[in-house]
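Grab the two chains, each in its own frame, and use the hints to assemble them into the complex.
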Amino acid sequence: MKSKKRSQLIWLYALLLFITVITVGPFFITLLISLKSANEGIYTVLFPTDPTLANFIDSFAKADFGLYFLNTVIVTGIAIPLNLIFCSLAAYPLARMDFRGRSVVLALIISTMMVPFQLYMAPLFQLAGELGLRNSHIGLVVMQVSTAFGIYLMRQAFLRIPKELEESAYLDGASKFKVWYLVAIPLVKPTLVTLAIFTFMGTWGDYLWPLLNSTESSMYTLSIGLAQLSQNFDGANLKLISAASILTTIPTLLIFIWLQKYFISGATDGAVKG
Amino acid sequence: MGKRSSKWITGVCFAALSVSLAGCGDDNSEESGGGDSGELSGEVTLWTASLAGEPFDTYFADLEAEFEEMHPDLDVKIEDIPQNEMEQKVLTSLTGDDVPDVVNLNPHYMSNIAAQGGLLGLNDLVSDETKSSYVEGPFNSGMYEDELYALPWYLTTTVSWYNSEHFDEAGVSELPTDTQGIYDTAKAVTEATGKPSYYPVINDGNTVMEKMVSLADGEPIVENGKAVFEDNEAIVEFFELTQKMYEEGLIPQETAEGSLATGQELYMAGNTSFLEGGVTFLGPIESGSPDVYEASKAGQPLESNEAPVNVAVMNFAIPAKTQNEDAAVALAEFLTNAENQLEFAKTAGTVLPATTESLEDDYFQNPGDSPKALGMLQASESLSRAEVLIPPTENSSDLRESTKNIFVQNLQGSLTPEEAVKQLAEEWNRAFEDSGEEVTF
Numbered sequence: 001m002k003s004k005k006r007s008q009l010i011w012l013y014a015l016l017l018f019i020t021v022i023t024v025g026p027f028f029i030t031l032l033i034s035l036k037s038a039n040e041g042i043y044t045v046l047f048p049t050d051p052t053l054a055n056f057i058d059s060f061a062k063a064d065f066g067l068y069f070l071n072t073v074i075v076t077g078i079a080i081p082l083n084l085i086f087c088s089l090a091a092y093p094l095a096r097m098d099f100r101g102r103s104v105v106l107a108l109i110i111s112t113m114m115v116p117f118q119l120y121m122a123p124l125f126q127l128a129g130e131l132g133l134r135n136s137h138i139g140l141v142v143m144q145v146s147t148a149f150g151i152y153l154m155r156q157a158f159l160r161i162p163k164e165l166e167e168s169a170y171l172d173g174a175s176k177f178k179v180w181y182l183v184a185i186p187l188v189k190p191t192l193v194t195l196a197i198f199t200f201m202g203t204w205g206d207y208l209w210p211l212l213n214s215t216e217s218s219m220y221t222l223s224i225g226l227a228q229l230s231q232n233f234d235g236a237n238l239k240l241i242s243a244a245s246i247l248t249t250i251p252t253l254l255i256f257i258w259l260q261k262y263f264i265s266g267a268t269d270g271a272v273k274g
Numbered sequence: 275m276g277k278r279s280s281k282w283i284t285g286v287c288f289a290a291l292s293v294s295l296a297g298c299g300d301d302n303s304e305e306s307g308g309g310d311s312g313e314l315s316g317e318v319t320l321w322t323a324s325l326a327g328e329p330f331d332t333y334f335a336d337l338e339a340e341f342e343e344m345h346p347d348l349d350v351k352i353e354d355i356p357q358n359e360m361e362q363k364v365l366t367s368l369t370g371d372d373v374p375d376v377v378n379l380n381p382h383y384m385s386n387i388a389a390q391g392g393l394l395g396l397n398d399l400v401s402d403e404t405k406s407s408y409v410e411g412p413f414n415s416g417m418y419e420d421e422l423y424a425l426p427w428y429l430t431t432t433v434s435w436y437n438s439e440h441f442d443e444a445g446v447s448e449l450p451t452d453t454q455g456i457y458d459t460a461k462a463v464t465e466a467t468g469k470p471s472y473y474p475v476i477n478d479g480n481t482v483m484e485k486m487v488s489l490a491d492g493e494p495i496v497e498n499g500k501a502v503f504e505d506n507e508a509i510v511e512f513f514e515l516t517q518k519m520y521e522e523g524l525i526p527q528e529t530a531e532g533s534l535a536t537g538q539e540l541y542m543a544g545n546t547s548f549l550e551g552g553v554t555f556l557g558p559i560e561s562g563s564p565d566v567y568e569a570s571k572a573g574q575p576l577e578s579n580e581a582p583v584n585v586a587v588m589n590f591a592i593p594a595k596t597q598n599e600d601a602a603v604a605l606a607e608f609l610t611n612a613e614n615q616l617e618f619a620k621t622a623g624t625v626l627p628a629t630t631e632s633l634e635d636d637y638f639q640n641p642g643d644s645p646k647a648l649g650m651l652q653a654s655e656s657l658s659r660a661e662v663l664i665p666p667t668e669n670s671s672d673l674r675e676s677t678k679n680i681f682v683q684n685l686q687g688s689l690t691p692e693e694a695v696k697q698l699a700e701e702w703n704r705a706f707e708d709s710g711e712e713v714t715f
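Residue numbers (my numbering), protein chains in the order written: chain A, 1 to 274; chain B, 275 to 715.
This is chain B alone, in the form it adopts within the complex (with noise of 0.2 Å):
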């Protein structure tokens, strides 16, 4: 036994040296560069957000044949990192020397990590051809302090789905235009069915405050930095009615935790009949609730049809740190030309290109008649008025961490509508007012 257990413990600590060694032997740091000629070569990583498996693998399969085909000199490689994780590994990766030459961020992700020095300025790099050829909005979502840190690749505007069995059983024909419209909506359909059926998202309070630019109808709610919505009769309106709407059982209960996860939850076990999200929300209706997806429609956004709508943005940027820069640039603007941007969207069959070029293609005009291809068509109308409502701020956990609490308050009635608006506005000045900044939005 002790002879046994003796090889055994000797065997594992040599086996554990073996493999440390064969580690310390690894080099991964490679030569890369623009090469004496100017050509393209080394190696260039680029990591993409959430984008694992059919039919994202083959269609970066053949991007990347086709790069290197175009650079022969020049190795890419494709990872794909969880989307929530994608701003931790990209500040860890900054603090060694394995950093990705391309990354593909969120705007939110993109100005944290560029305030943090993190990201490279793409001012002088992107020719002004290049730039032009984006939709303004989004473009404008790469921007951090007058500098451009990334390049918009696909977007997603906010739409309004519903199901159509349920407004059927109500008799209500047509979405409501504005928040008096969604409480008498509301109210039939749950008459109807008996079951709560408006899910006013909050996530962590961005939607709210997204929804809030969008009921301000073109007026500002905060000027150089001074939150000035609390005589808004539209916000306060729709703080009034979400409470009343929650007291009438019209709102569900778990509206007060909020995240879009839930109302899809709610709304694919057919708890809940109508809500406002983005175009890829009917994707686990798809195959959670079949029956559901079949009877789901898309429309506007719960607004007045001349409202300004949220734009979400993924776009790519590039690490400060890269060791191959001319690469990275280049192959930033191959990801998002418009050729391939019209590509990847119809690949994802639910998100639109940033483009003007790709755009005017006929596949926007008519994607077909699936509930998914319904919400991009709704979605490609509304682009026009679609823009970043909230720019991306310093304070902008603080902002949106207020704004989740107060409304939840509020829907309950622990606050009146007018204190719970009065309190939100004192709540962002004071972030104002830390943070030093004088934005308007």
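If we strip away everything but chain A, and leave its shape as in the complex, we get (with noise of 0.2 Å):
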């Protein structure tokens, strides 16, 4: 009995390690592959022989990373606590009032999530245009504040909280606003860290919107760099590329390690109530 259960660990630890390997794997080459030096191939052994950080101060020089890093966080500050609230404020009235057409406006919400970029991406450059949003921090984020993503997961997170608390606020006098904030978000803090992880993806990695939207170079974010890297004119360095690929996930890592506690049970939020 004892020797089978053992077996049972080894098979699940083995397991688990097969995992580690396939997920972490991939990783870990890439960073291997960015310390090798100018004089060493990719492929002629695994580890560097001469390990040089160069790759990466080259790939700040070559992208102009340093402005793109900027430009991107900057992007990312502004779209994360914008979106949070304008999806708390948009998801509330779905999920607690009461008014004619609410399941046709979340199910117009909702149906936004199917239709591709693709088809809304010249009217929205020319009304980006219009309200003066080209090559501004604001307008690169437009895609990212009050998603419908972002709308249905604080509902459904808004949906568990149970009535009473609110009801009983209600009674001391509160107004429908404070409710919302002194009450109502606070019980909803996970959903809040899980859609301020996805916008946080979301915005880090956004490539073809800040594209379009910026006619100048100075506007361009991390992503574009890193396609500015891989579709070099004289081709792909790949050392370079794994360099400034590092670089460009490591914020979301670590945000993620940080903060996966509350992303984890967050993310789950959907699932328990539909």
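Simulated from the structure, these hints should not be mistaken for laboratory data. No experiment lies behind these values; they were computed from the predicted model shown. Each residue gets a CB set at the ideal place from its N, CA and C atoms; glycine is no exception. A hint or two may mislead.
What the hints assert, rightly or not - A short list of chain B residues far from chain A (calculated; beta carbon distances all over 12 Å):
hint : residue
1    : 344
2    : 359
3    : 457
4    : 458
5    : 631
6    : 676
To be verified - Ranges between beta-carbon positions, derived for each pair:
hint : chain 1 : residue 1 : chain 2 : residue 2 : range
7    : A       : 46        : B       : 643       : 51 to 61 Å
8    : A       : 51        : B       : 328       : 23 to 33 Å
9    : B       : 522       : A       : 48        : 34 to 44 Å
Stated by the list, open to error - A few chain B residues that face chain A, going by a derived Cβ cut-off under 7 Å, partial list only:
hint : residue
10   : 356
11   : 357
12   : 358
13   : 363
14   : 390
15   : 391
16   : 557
17   : 558
18   : 562
So, in structure tokens, the structure goes:
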């Protein structure tokens, strides 16, 4: 019996190890490639014989990564709070207020998730131009502010709050807005963190819209810098691309590791109650 | 806690509103035009394709300064766009008012945008003297339905690349000049190295189409919108022998994916030994595998020395909605004049210029002895027989897609070579019937 349990455990660990290798392996190989010196071949040996950080420095210089990094931080910093506020504000009435056409509004909002970006990018481009949002940080985040996914996620979270808590606040004379930000918002914190992480990932890696909306390269973001490296005139330098990819990915990883506890509890919110 | 949240929310809302209003106040529309005196003035924007970073930043900064010195009232702005998204970005910009004045396109993008009325016709805007300064084949690549839409800038032609160490190991001293020769060479090299040795690049099917035209050696493969290659022995042999090589392991299995990037990865890892590609093929090899780079040598394309070879052209076109037409034409002419093209070719180190005068420069006869320079030498030697082998057509994506699919099925043995060639001809005929185009190539 004991040996059966042990063998099961060994298989389980072997499976976990296999999954770890599959998921972490590519990232690890990318890191190794990024550390290889100019004279070393990518495929000759796995580990760099003469490790160097030169590729990280070169990638910064080659594609103006410092500026692109700053732009990306700014747009992400704008997108996250705006998306959290607008999604929470839009979701709360859909979860808690009775008004005619509520289900239609919700269905309409969710249906926008099915529309491919290519279908509305030209009108959006025109609109952004008319509003003076071209080549501005706020213009780069219009896609990430108040997303249908965020509204749906927040609505599901608000539905889980016991109504009694809100009712007692109303009895104490609180307005609807006060109930929203003093009672409801604190109770959906894990979902807010989840949405913040999703917004972070969406904004950090967004490519096509920032490229279309920027007619000045001083507004480019990291993903465009990566594309410039990989589509380089003289062919892709894999060592530079690996270094740039690592630099681009590190903030996402750090944020995820920092907030993963909330993320996992929040990500399952939508699945509990429909 | 409540007060803090409230302040935080108010702060963010205020910040967002401030940035929005600042954005609204940003007026990009600047008056531009020829001015009363005829002197160029205003702003002119140039979009280059995947030329960010050095040495190109310095090259363009110098050009910008020189052009602005020639036209003191003109402000030149140069931005770089990743090549793959250039077409989409130009088309999107044409729906609004933020349109560039000069854009760097390839003929495929150019014809597609021109077909939608997005480019300015240049027939009457460019002088005959300027038109005659360009090499004929590349110049013609800027034509679409008898109208000139782009001026040629730089070129690469197809050359062959091989790992000389692998060839030495196999005792092979010469590159093949026909498909049977490719088979014999691949067999010898694979026997020596134990690895697949020949990688036929497919990409999205375009390189197979170009290869077919080269193999036809002057005979058209499409005549007035009808495929006429079914009985072409060289093409049938190519399908037969590539299938045989794939079956015998002389061609790597990755060929089914067929991109040049995959070919580069295999080549730099020493897992393939020879292939045909552009002059810029060695770029990633130089950084990714210095040993293989040093062992690389270039030769003429793997077909007869008289066969036409493909030339890939990058050009400059002017969007139809340009706000500064005169300055845009002047800038496009300035960028593509002999002097600036020569300088660009020297800066890039792996491309050829598109003007006859710059090609006569000593640099192209003695570019040095690096592997890249050897490639450029081979490319300049084949330029006299180089042309755009596949003209831009409306149905080009259908042609390319069917070519790739059928060629891969042939490689994998799902079709016999005869069936593959027949089916390909049928697919092409259907595509031409649908589009009603009566082209010959």
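Tested hints:
no., hint, in the structure
1, 344, "holds (24 Å)"
2, 359, "violated (6 Å)"
3, 457, "holds (27 Å)"
4, 458, "holds (28 Å)"
5, 631, "holds (24 Å)"
6, 676, "holds (24 Å)"
7, A:46 to B:643: 51 to 61 Å, "violated (33 Å)"
8, A:51 to B:328: 23 to 33 Å, "holds (25 Å)"
9, B:522 to A:48: 34 to 44 Å, "holds (37 Å)"
10, 356, "holds (4 Å)"
11, 357, "holds (5 Å)"
12, 358, "holds (6 Å)"
13, 363, "holds (6 Å)"
14, 390, "violated (12 Å)"
15, 391, "violated (15 Å)"
16, 557, "holds (3 Å)"
17, 558, "holds (4 Å)"
18, 562, "holds (4 Å)"
Hint violations for this structure: numbers 2, 7, 14, 15, all remaining hints satisfied.
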